[in-house]
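> Here is what each chain is made of, one letter per residue.
Protein chains: 4
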Amino acid sequence: MFGTDTKGVYAIAPTPFLPDGAVDYASIDTMCDFYLDRGVDGLTILGILGEAPKLTPEESVAIVQRVLARFTKPVVVGVSAPGFAAMKALSGASMDAGAAGVMITPPAAMRTDDQIAGYYAQSVAQIGADVPFVLQDHPLVTTVQMSPGVIRRIVEENPSCVMLKHEDWPGLDKISTLRGWQAKGEMRPISILCGNGGLFLDFEMERGADGAMTGYAFPDMLVDLVKRHQAGDNEGMHALFDAHLPFLRYEHQSGIGLAVRKYVLMRRGAIAHANLRVPGPKMNDTTKAEVDGLLARLAKHDPRAAF
Amino acid sequence: MFGTDTKGVYAIAPTPFLPDGAVDYASIDTMCDFYLDRGVDGLTILGILGEAPKLTPEESVAIVQRVLARFTKPVVVGVSAPGFAAMKALSGASMDAGAAGVMITPPAAMRTDDQIAGYYAQSVAQIGADVPFVLQDHPLVTTVQMSPGVIRRIVEENPSCVMLKHEDWPGLDKISTLRGWQAKGEMRPISILCGNGGLFLDFEMERGADGAMTGYAFPDMLVDLVKRHQAGDNEGMHALFDAHLPFLRYEHQSGIGLAVRKYVLMRRGAIAHANLRVPGPKMNDTTKAEVDGLLARLAKHDPRAAF
Amino acid sequence: MFGTDTKGVYAIAPTPFLPDGAVDYASIDTMCDFYLDRGVDGLTILGILGEAPKLTPEESVAIVQRVLARFTKPVVVGVSAPGFAAMKALSGASMDAGAAGVMITPPAAMRTDDQIAGYYAQSVAQIGADVPFVLQDHPLVTTVQMSPGVIRRIVEENPSCVMLKHEDWPGLDKISTLRGWQAKGEMRPISILCGNGGLFLDFEMERGADGAMTGYAFPDMLVDLVKRHQAGDNEGMHALFDAHLPFLRYEHQSGIGLAVRKYVLMRRGAIAHANLRVPGPKMNDTTKAEVDGLLARLAKHDPRAAF
Amino acid sequence: MFGTDTKGVYAIAPTPFLPDGAVDYASIDTMCDFYLDRGVDGLTILGILGEAPKLTPEESVAIVQRVLARFTKPVVVGVSAPGFAAMKALSGASMDAGAAGVMITPPAAMRTDDQIAGYYAQSVAQIGADVPFVLQDHPLVTTVQMSPGVIRRIVEENPSCVMLKHEDWPGLDKISTLRGWQAKGEMRPISILCGNGGLFLDFEMERGADGAMTGYAFPDMLVDLVKRHQAGDNEGMHALFDAHLPFLRYEHQSGIGLAVRKYVLMRRGAIAHANLRVPGPKMNDTTKAEVDGLLARLAKHDPRAAF
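Protein chains in written order, with this note's numbering: chain A, 1 to 307; chain B, 1 to 307; chain C, 1 to 307; chain D, 1 to 307.
The hints are simulated quantities; they were obtained by calculation from the structure and are not laboratory data.
Mixed in with the good hints there might be a few duds.
So the derived label-pair ranges between C-beta atoms look like this [as the list claims (entries may be wrong)]:
| no. | chain 1 | residue 1 | chain 2 | residue 2 | range |
| --- | --- | --- | --- | --- | --- |
| 1 | A | Y25 | C | D292 | 56 to 64 Å |
| 2 | C | A231 | D | P19 | 37 to 45 Å |
| 3 | A | V278 | B | A125 | 41 to 49 Å |
Ideal Cβ positions, reconstructed from N, Cα and C, are used throughout, including at glycine.
Hey, can you work out the whole structure from these sequences and the hints?
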């Protein structure tokens, strides 16, 4: 299910909160059902989108357990932490609870190739070489820049690396380079799922990506998009993508974008409340009007946006 | 013409080069004509897009003079430099040649409010308080983060600041905050033109921006968009914007985006050659095919993309 | 004891580990006794020096409790964390256990004055306005740059801010500016203890600092230095400082410096083992020989370095 | 004279200015004589210390020519610039005027090993493979972090790289690693001169450095220190170093340190005026008193500090 040949859509799930800031466990259940109903192939929790740094370790483990008790497809858990003790603890608890694997993002201080590769080697030594992991490449947020060569090095040095969460920007040629190496046998094949809000998912698929791992509030669109591409319907894929792009771009904004995303997920019935845990941005009336306007225009092309 | 009440579109112009890397002065003339024909209200040269750091000071001055000899509307010259001697020299030469004003971007080392405001005070002391200047707020490239408060402070402390080139991301609420202060008389009115590739120009207009200052290869679309907004035709504005967004997003990529932009400007007849001065990214065949595909799809909505 | 009028030396304590990486609780006791015997006025634990990010939350709380059960003078606990949930939990547990206050460092993403001041306001809202806190200003490590004005703003906006841990570099004029404001009644008085390894402690005292808060392996020298300054013996202060400077400078190195520090504390009998928790730098033979040579030279001036 | 086997001291020279900010060409002559009289083996001009970014290109070339007309030993010219056109122009003018080589620092945006190595390859392509160059490794200022491996790669890929200006901090093990590779024939030998204000020059010599390239205002002390080390008198080397360390540390402060340095060079008769070109820090009365006190204490050990 989850491995180097994974294809499709892994939704990045938010963490639902009650209005008072407590974790909304009931909404975790409805959210899991929502994602399953929309046809995603897996779920990734406790990423940046999941407001992971705002959680206590106990809450993180409880959320992992609640999700795994409900979601019937593979679940990946973000275990990035400022120190290895926390990473190891969360990774162990997640695998014990039935997670398919974990996702690791390098800390901002990593600069040289040796530092980055060394960090992944140390991480694997901590969590265990038997735990499949996703390598997250997200320089816009982490400020860590990985050349294609250092990604290959991490993949080659760590057999438990099964997937790249690709969200470099711009990053199309990076996918081509990695796939080119694989085609020539110069790099072990891995799954590549794309994040970055999906802003280039159309071309990322054409460059050789296996699918998406992002939190766009219409995961069903992502599923359709990947299917159209797999069916060879590139025109259909672009048409669908282009219809969503105005809103997708809006939702992709740093900070406020997560508030927008939760608002739409709430409107779609996935979660009960849209609020973030403090401190976090809030949608003001202007933002809300802009989102409603975008959804109304989108609904002319895709009825799923009408609610 | 150019001042605190400027509205419309200032195109950010590239610097055309011959295939051997020399400045292509003939293309400067055709490029000026192209922009005038497309109805822009002004031109900004020697910005990041203009590959300014790759030029010698002599080339910079020669380019300024060539543009000013041809272009019949206001021209703003980017004079950001690692030191004030170079800034002062280029600013003086530009104003002597007839520039309407200059644009200043803070260097990456600026962090605190005092540092940023101090840098602008020093810049004005160097170039002269009689030279109108544009304050560029572009954190994604400069890493300098300006709060609305520090922008207001710069505006209040420097009467020669006439315009904000707004390209924070996300930045919609920043426009609203500044316009709110102006409405309440808590800040001197200035012109706000938006950059950032135009990625949020639709909503930026609705938030109170006066227009665009960006290098999108279809400045005529930007002109139409601003006019539709000025005419109160918001639905028409969004429809036009949405049609261009798939390509606009593609062109907005850091690095390779400039190569794409020059390629389209070449295809549209503005300049003779698409190449950047080394070192700079080059479009490969895959990129070219993607651009051609995007333009073909765009041409169904906007015939200007058919060539 | 601990408040806006605190003077003297607060030692930054390391976290002792057993060779297998477990927390060495027995060494916590001997370490507390060591610091008390050397005459320090307080202790700061779980700072950067204390390898805090490598600890699990449970370990952090257990260490706090162990220290507070043994150390008979004020203890400050570093509670900086990537999220407020963790900060609030550790702060609450520390105050419950009898800590005198907490220390808060802003995360690296903070840039503008508003962001920094806002972060401290949010922190106080989380931990409670009744918890005295130390404002840590350490740009070399955090990359957060605070102007004197933003420090004053934080002090004025948060009555529970009782102390500045000053470790900007260079930073002498910053102390003078803050003390100047206080003298003119333009800023509420606070205690200023200096860190940065003590590299400028001689002049920091002359500029108006109240003492030191740093982890130098000879806290007794710091105590003497502050006393000489308080007694008006500036020549004696400089002579003592200058004798220690060659080693102090060596110990101040980022990364390896902590290994050196623990090595000397072990040699002085404060802790049983010198090792850091992985991942962390290790002293090689060359480093060890350099340290031993430095101590031998220092011992000619200060017999405390002979062991 | 200047090459992979260079040993000794290359002084980093400041740029002297008249009180009105104009270049003080007469002081360039006296400064050259000063450095020759103090026994340095070479000079490096137009580095960060030389306020290079504040100069116009014409001034830079004029300074190079003036120095080369006077100074009878090898001169290295810093040619780092935001773009290659400026680098190429200054490098060409410098070599034409008789410079021994140039020094190149990578721009702050360089992160991955490939980016850094690629930058040096491009630089060599611009300035010519026949121009000997110094690789400057100064992360504290540039934020560019070079692993030992990427330094070796640059050395191996570019035969015209003859020297490393080592100023990483901490950086002792980096010297050992490079020298270890050379001893095993795994890296071409190059000269290593150390900067970073000289703060670790004592141990850098013991680790295998060939000397110093830094701007400390007592270059004659650096010359003596290197000679003592070459003569095998390590105790004498440390004693000399330790005596200077209190002042050396003070002068090493970022920003204000250059003002201090120029002040001492003026007091020693090297240059006529101590002022920096604006914008730049100025010594206030407190700073001046601290410097005078430090020099008075130093003069008890080294009469060269009495003036």
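> Confirm or reject each hint.
Going through the hints against the structure:
| no. | hint | result |
| --- | --- | --- |
| 1 | Y25(A) - D292(C): 56 to 64 Å | holds (58 Å) |
| 2 | A231(C) - P19(D): 37 to 45 Å | holds (43 Å) |
| 3 | V278(A) - A125(B): 41 to 49 Å | holds (43 Å) |
Every hint from the earlier list agrees with this structure, and none is contradicted.
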